[in-house]
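Peer 1: In terms of my numbering, the sequence shown opens at residue 73 and continues consecutively.
Treat the hints loosely; a few may be bogus.
Stated by the list, open to error - Derived pair list, reagent style DSS-like, types lysine-lysine, alpha-carbon separation capped at 25 Å:
no.	residue 1	residue 2
1	154	112
2	280	255
3	318	101
4	280	291
5	143	112
6	101	143
7	114	150
8	288	255
9	143	125
10	114	143
11	130	150
12	130	114
13	125	114
14	280	316
15	278	288
16	291	278
17	291	316
18	281	149
19	101	114
20	291	281
21	101	125
22	154	247
23	281	255
24	247	316
25	277	288
26	277	316
27	255	277
28	284	255
29	112	316
30	247	318
Derived by calculation from the structure, the hints in this document are not laboratory data.
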Amino acid sequence: MELNLNNQTILITGSSRGIGRGIAEEFLKEEAIVFVTGRKDKNVENTSSDLSKLYGSKRVQQFIGDLNNQKILNDLKKYIIKKTEGLNHLVCNIGSGSSVPPLREDINEFQRMLDINLLNAVGAVNQLFPLLETSVSKASCFPSITFIGSICGVETLGCPVAYASAKSALVSYAKNISLSLGKRGIRVNTVTPGNIMFPESTWDKKIKKDKKKVEKMLKDEVPLECFGSVQDIASVVVFIASEKAKFVNGANWVIDGGQTRS
73 MELNLNNQTI LITGSSRGIG RGIAEEFLKE EAIVFVTGRK DKNVENTSSD LSKLYGSKRV
133 QQFIGDLNNQ KILNDLKKYI IKKTEGLNHL VCNIGSGSSV PPLREDINEF QRMLDINLLN
193 AVGAVNQLFP LLETSVSKAS CFPSITFIGS ICGVETLGCP VAYASAKSAL VSYAKNISLS
253 LGKRGIRVNT VTPGNIMFPE STWDKKIKKD KKKVEKMLKD EVPLECFGSV QDIASVVVFI
313 ASEKAKFVNG ANWVIDGGQT RS
């Protein structure tokens with residue numbers, strides 16, 4: 073399928089590994105220009121080097137820094153302006169479910185989960201939507217913002233409560249800003265993954281610890297009885313950014329093999 077994303081500029085927060093890296097590579101396959109970001113120098117540099125070898129160094133830009141910090145976000149904005157003419161698509165992928173068991177969360181833990189899973193995305197949108205707005209008339213499709221959520225945020229699954237609450241708030245935030253940003257020509261959507269397997273992921277660690285328990289969970293809870301892959305998520309994110317999805321705004325795409333029932 074021709075998605076016509078060539079030479080469009082994409083920023084993916086948290087894209088040095090896992091789902092974020094997969095999204096970066098999927099955009100590069102469509103000949104987009106991709107900014108790879110992360111906090112850890114080695115991860116970002118290794119990912120950028122690997123992708124540059126496959127898709128060309130002119131298409132891969134890198135930025136290292138903690139995007140929970142508003143000053144660093146502003147530095148990123150300036151860097152994008154310096155390197156390109158603007159920004160066509162923003163993918164907010166930063167998140168973490170590493171929390172504490174239910175009823176053990178204090179206010180500080182809730183704040184930490186909100187910072188990682190909601191407020192960094194809010195900060196990115198506030199800083200970068202003006203760049204997206206400048207590309208409205210230039211792009212062949214409406215520019216877009218895509219948030220990466222979690223099925224923990226849409227259904228009760230026994231996930232850490234602070235994490236689930238933050239991801240639920242992210243879905244609500246996306247839906248609400250899709251109204252105001254839609255009027256400015258910017259589409260806003262969420263992609264909500266289920267159980268995704270990749271090296272060093274939570275599920276990779278769990279299956280190494282107790283393979284039979286994980287296999288039973290898949291059989292009992294997931295109708296397709298398998299994990300999703302990074303590419304399952306990345307291909308949907310790239311499609312949403314394309315002109316093929318130009319009328320898609322305010323949607324939450326749940327990619328979970330049928331696990332959620334609502």
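Peer 1: For the pair supplied as a hint, residue 130 and residue 114, is the alpha-carbon distance within the 25 Å limit?
Peer 2: holds (20 Å)
Peer 1: Going straight from one Cα to the other, do residue 101 and residue 143 come out at no more than 25 Å?
Peer 2: With a Cα-Cα distance of about 32 Å, the restraint between residue 101 and residue 143 is violated, given a limit of 25 Å.
Peer 1: Would the hint linking residue 280 and residue 291 be met if the CA-CA limit is 25 Å?
Peer 2: holds (17 Å)
Peer 1: Compare the distance between the alpha carbons of residue 318 and residue 101 with 25 Å, and conclude whether the hinted pair is satisfied.
Peer 2: holds (20 Å)
Peer 1: Just to be careful, I want the Cα atoms of residue 247 and residue 316 compared with a cutoff of 25 Å; is the pair within it?
Peer 2: Cα-Cα ~20 Å, so holds.
Peer 1: Are the Cα atoms of residue 114 and residue 143 separated by 25 Å or less?
Peer 2: holds (22 Å)
Peer 1: Would you check the hint for residue 281 and residue 149, treating anything up to 25 Å between C-alpha atoms as holding?
Peer 2: violated (42 Å)
Peer 1: Under the criterion that the straight-line Cα-Cα distance not exceed 25 Å, is the pair residue 255, residue 277 satisfied?
Peer 2: Not satisfied, since the Cα-Cα distance of roughly 44 Å exceeds 25 Å.
Peer 1: Do the alpha carbons of residue 278 and residue 288 lie within 25 Å of each other, as the hint requires?
Peer 2: It holds: about 12 Å lies between the C-alpha atoms, which stays within 25 Å.
Peer 1: Check whether the Cα positions of residue 288 and residue 255 lie no farther apart than 25 Å.
Peer 2: With a Cα-Cα distance of about 46 Å, the restraint between residue 288 and residue 255 is violated, given a limit of 25 Å.
Peer 1: Mind checking the alpha carbons of residue 291 and residue 281 for me, to see if they're no more than 25 Å apart?
Peer 2: holds (18 Å)
Peer 1: Residue 247 and residue 318 were given as a pair; does the straight-line alpha-carbon distance stay at or below 25 Å?
Peer 2: Satisfied, since the Cα-Cα distance of roughly 16 Å is no more than 25 Å.
Violated hints for the displayed structure, listed by number in ascending order: 2, 6, 8, 9, 14, 17, 18, 22, 23, 26, 27, 28, 29.
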